[in-house]
Amino acid sequence: DTEVTQTPKHLVMGMTNKKSLKCEQHMGHRAMYWYKQKAKKPPELMFVYSYEKLSINESVPSRFSPECPNSSLLNLHLHALQPEDSALYLCASSRGREGSTEAFFGQGTRLTVV
Amino acid sequence: ILNVEQSPQSLHVQEGDSTNFTCSFPSSNFYALHWYRWETAKSPEALFVMTLNGDEKKKGRISATLNTKEGYSYLYIKGSQPEDSATYLCAPLEYGNKLVFGAGTILRVKS
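Chains H and V, in that order, are what the protein sequence lines are. Residue numbers 1 to 114, in the working numbering, belong to the letters of the first sequence in order. Residue numbers 115 to 225, in the working numbering, belong to the letters of the second sequence in order.
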């Protein structure tokens, strides 16, 4: 099983809403990533969790709040987003031992903020 | 933060042509170099992970080399086919599992 599953696939939310994106993998990977992707641009790194601890935060605004409740799950909590936050949010995972394997990506959540 | 540069930005070739792209990065503070193939409306898919200076990897008609001392990696495609059309992304992996993509090289192969 080399699958990273993201839910929901699509999400429309208002600027005052609170919502969460979910990502799940059962490959035993210990590094998990959130990326933001705007049209025709490569994925832009937001957060990295290594062994369930936040290891990288790329100066992401606090309206995005990541959470890693266990080694298989990664959440991204959203609150008071702006229309410019509309994008494809990709989750990825890798083995986590530095440099050893590639990252596997989910299909993404298409987020629209209205 | 590593400054990753990929060249050329885009490439248009005829079916059967061989081609190569470059990924350059500062030659320190990383411990692996990843290459991904990315088709629009799909998620990136890994091609290679290289860690050692002089590493060479091959998958079918696609191969890659790594020079860690001078900070570059080449990706080669032999006998390009229309299905090779995609964006090719490189990403040095920094400590903390930090994987940051370059801007990519867009390849279009005409039949």
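It is worth saying that the hints were derived from the structure and are not from the lab. Hints are supplied without guarantee of correctness; some may be wrong.
Distance ranges between label pairs, derived from CB positions [to be verified]:
id, chain 1, residue 1, chain 2, residue 2, range
1, V, P196, H, E3, 26 to 36 Å
2, H, T5, V, A155, 11 to 21 Å
3, V, P196, H, S59, 37 to 47 Å
4, V, G174, H, G14, 28 to 38 Å
5, V, A155, H, K18, 25 to 35 Å
6, H, V12, V, N134, 37 to 47 Å
7, V, S132, H, K18, 26 to 36 Å
Built from N, CA and C at the ideal position, the CB exists for glycine as well.
- Query: Hints broken by the structure, by number, lowest first?
  - Reply: As far as the earlier hints go, 4, 7 are violated by this structure, in ascending order.
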